[in-house]
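Engineer: Below are the chains, spelled out letter by letter.
2 protein chains.
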Amino acid sequence: MTKKPLILVTNDDGINAAGIRTLISVMNTIGDVVVVAPDSPQSGMGHAITLNSTLYAEKVHIDNGPQKEFKCSGTPADCVKLAIRELLDRTPDLCVSGINHGSNSSINVIYSGTMSAAIEAGIEGIPAIGFSLLDYSWNANFEASKSYVKTITQEVLKNGIPNGIVLNVNIPNLPQINIKGIKVCRQAKANWVEEFDKRQTPQGKDYYWLTGKFVNLDHGEDTDEWALEHGYVSVVPSQFDLTAHHVIKNLKHWNLNE
Amino acid sequence: MTKKPLILVTNDDGINAAGIRTLISVMNTIGDVVVVAPDSPQSGMGHAITLNSTLYAEKVHIDNGPQKEFKCSGTPADCVKLAIRELLDRTPDLCVSGINHGSNSSINVIYSGTMSAAIEAGIEGIPAIGFSLLDYSWNANFEASKSYVKTITQEVLKNGIPNGIVLNVNIPNLPQINIKGIKVCRQAKANWVEEFDKRQTPQGKDYYWLTGKFVNLDHGEDTDEWALEHGYVSVVPSQFDLTAHHVIKNLKHWNLNE
Chain D
5 MTKKPLILVT
15 NDDGINAAGI
25 RTLISVMNTI
35 GDVVVVAPDS
45 PQSGMGHAIT
55 LNSTLYAEKV
65 HIDNGPQKEF
75 KCSGTPADCV
85 KLAIRELLDR
95 TPDLCVSGIN
105 HGSNSSINVI
115 YSGTMSAAIE
125 AGIEGIPAIG
135 FSLLDYSWNA
145 NFEASKSYVK
155 TITQEVLKNG
165 IPNGIVLNVN
175 IPNLPQINIK
185 GIKVCRQAKA
195 NWVEEFDKRQ
205 TPQGKDYYWL
215 TGKFVNLDHG
225 EDTDEWALEH
235 GYVSVVPSQF
245 DLTAHHVIKN
255 LKHWNLNE
Chain C
5 MTKKPLILVT
15 NDDGINAAGI
25 RTLISVMNTI
35 GDVVVVAPDS
45 PQSGMGHAIT
55 LNSTLYAEKV
65 HIDNGPQKEF
75 KCSGTPADCV
85 KLAIRELLDR
95 TPDLCVSGIN
105 HGSNSSINVI
115 YSGTMSAAIE
125 AGIEGIPAIG
135 FSLLDYSWNA
145 NFEASKSYVK
155 TITQEVLKNG
165 IPNGIVLNVN
175 IPNLPQINIK
185 GIKVCRQAKA
195 NWVEEFDKRQ
205 TPQGKDYYWL
215 TGKFVNLDHG
225 EDTDEWALEH
235 GYVSVVPSQF
245 DLTAHHVIKN
255 LKHWNLNE
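Order-wise, the sequence lines are chains D and C.
Here the first sequence stands for residues 5 to 262, numbered as in the numbering used here.
Here the second sequence stands for residues 5 to 262, numbered as in the numbering used here.
Bear in mind the hints are in silico, worked out from the structure with no lab data behind them.
Treat the numbers as computed from the prediction; the structure is a model and nothing was measured.
Heads up, some of the hints might be wrong.
Remember, identical chains collapse to one label, so a pair may be satisfied in a single copy or spanning two.
[Said to hold, decoys possible] The calculated DSS-like cross-link candidates involving lysine-lysine, where the alpha carbons are at most 25 Å apart (straight line), are:
| hint | residue 1 | residue 2 |
| --- | --- | --- |
| 1 | Lys253 | Lys154 |
| 2 | Lys202 | Lys63 |
| 3 | Lys154 | Lys184 |
| 4 | Lys150 | Lys256 |
| 5 | Lys253 | Lys75 |
| 6 | Lys72 | Lys7 |
| 7 | Lys256 | Lys184 |
| 8 | Lys193 | Lys253 |
| 9 | Lys193 | Lys154 |
| 10 | Lys202 | Lys162 |
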C-alpha cells in the first residue's frame, strides 16, 4: 500500500469561499487533506505576516468530507507557518493555495495572498502551487477548473518542483470545452494603471478608493497573459530569490567605494 | 542651472520614525523632497494594498526643512500609488524607502514593507531604492548610514537602474569607522525557522505569538548576509519578474496535456 501524500490547503479568500471548497474536493481524491485557511477574506494582503498581534486557530467543520479543517485569524502566510509548525503532525508533501477568485497572472503575483501562501511553503522546502480562476465573483463557477487542478497537482507529486520554485497557475474563465490545454509560460510584463476615486466624507475630509485598469504592453506569445487570452491554463514557475543576477556585474562598475 | 531631481520618500515604520527622518535629511541635500508615508507602523505588511477600505492622506509638518510631507492611512505600496497618481505634480525621478529599523536582507525582502514600496515604484518605471539598518530598536542610531545612503543615491541618479530592477540596500549596525565599504551582492538563501509561543487567554482559548530564529545555510561569499557579517553595506539588485526562466524548459517535459 502506498502512503497517501499529506496535502496542506489554504487560500486568501477565506475558508468559506467556493474556490477553496472546490480545491479541497479535488485534493480529497489525491491525498490526506488538512485545511488551514483565513477566517475572513485577505485579498491584496501580499506577503503580510502578523508580527504585532496574536493569532488564533480553531478546528472547524464546514462541509462533509475526510479533510481536517482549521480557521485562522492570520494572513495566508501566517496560516502556512502555523500549519507547519503547530497544527500538522508532519511536514506536508504538498501545499496548494486557492482556488483564488480572480487572476494572479503577470504582476498580480506580487500582490497576491494566494501566491504568498504558496511562496511561504516553498521557502519551507515544500512543493507548492497557487491556483487562480479569472473570475472575481463570489459565486464563480469552478467546475471547469477541477480537471486542470488535478492534472497539475499529480504532475507535481510525480516530478517534484526544483528547490526555490513554486507554480503560479491561472485558469481562464471559460467552459471546459473552450479551454485548449495547459501552457508553461513566463510572467507577462503587464501592470495596473491606478486611478484613485477621490471623494469627501460627510464632514468634508478627502478620501480615496483605489481603482485602476490592467494594461499589458508585453506582446510575447510565451507569456501567461497571452496563454489566458487564447484559452489556455497558464503555469508560471516563480522564484523567491529576487536577485537580478544579470545586473550584478553592471553595478560593480559603479563608484560605490571612492 | 540644473533642475533638482524630485525624490519621493516613504517607509514602513511610519512617518515619525527616526529612520525616515534621517532619510529625508539626506535627500534634502540631493533634490526636492516629497514625503508620503504611513501614519502608523506597517512592518511585515509585505506587498499589501488596500482594496476594501478607504485611504486618507493629509499634509503634515513634522520637522523643519524644505520637504513637503503627507501622512497616509494605507500601506507602503498604497503610499507610492497615491503619491504618483494624486499627490505629486509630476513623476518623481527617484523613490527611496526607509531607512528601515531592522534588516531586509536575504529572504526578509519578501516580507518587507520597505522593499514593497520600492518595488511598487519600480513597477511604475521609477528608479527605486530600499534602505535598511540592522537595528530593530525605535531609537536606532542612523548617523553612520548617512554617507552610504548619499553615495548610493547619487550613483543611482548618475547611472540609472535597468528597467524592472530595484536596489535592496542593508547597512550593518556598526560605527562608521568599522564599516568597510559597499558590496554588490546576491540574496542569500537564508530563512526564518518560526517558533510559535502558544498561550491561553484568561478564558482558556489558545492563541499564538509568532517568533523565530534566522538561519543562514548559504555559505557563499557573494551574498548579502556574508557582506553584512563582514562589515560591508550590501546592495542587491532585485527584480519583480518572479519567473524562474531556467525552469520553463524542464516543465515543458511534464505530461500536462495528455
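Engineer: None of the hints should be skipped; say for each whether it holds.
Structural biologist: Right, here's what the structure says about each hint:
| no. | hint | in the structure |
| --- | --- | --- |
| 1 | Lys253 x Lys154 | between (42 Å within a copy, 22 Å between copies) |
| 2 | Lys202 x Lys63 | between (42 Å within a copy, 16 Å between copies) |
| 3 | Lys154 x Lys184 | within (16 Å within a copy, 53 Å between copies) |
| 4 | Lys150 x Lys256 | between (49 Å within a copy, 21 Å between copies) |
| 5 | Lys253 x Lys75 | neither (47 Å within a copy, 38 Å between copies) |
| 6 | Lys72 x Lys7 | within (18 Å within a copy, 63 Å between copies) |
| 7 | Lys256 x Lys184 | between (46 Å within a copy, 16 Å between copies) |
| 8 | Lys193 x Lys253 | both (23 Å within a copy, 20 Å between copies) |
| 9 | Lys193 x Lys154 | neither (28 Å within a copy, 31 Å between copies) |
| 10 | Lys202 x Lys162 | neither (51 Å within a copy, 36 Å between copies) |
Comparing the model with each earlier hint shows violations of hints 5, 9 and 10; every other hint is respected.
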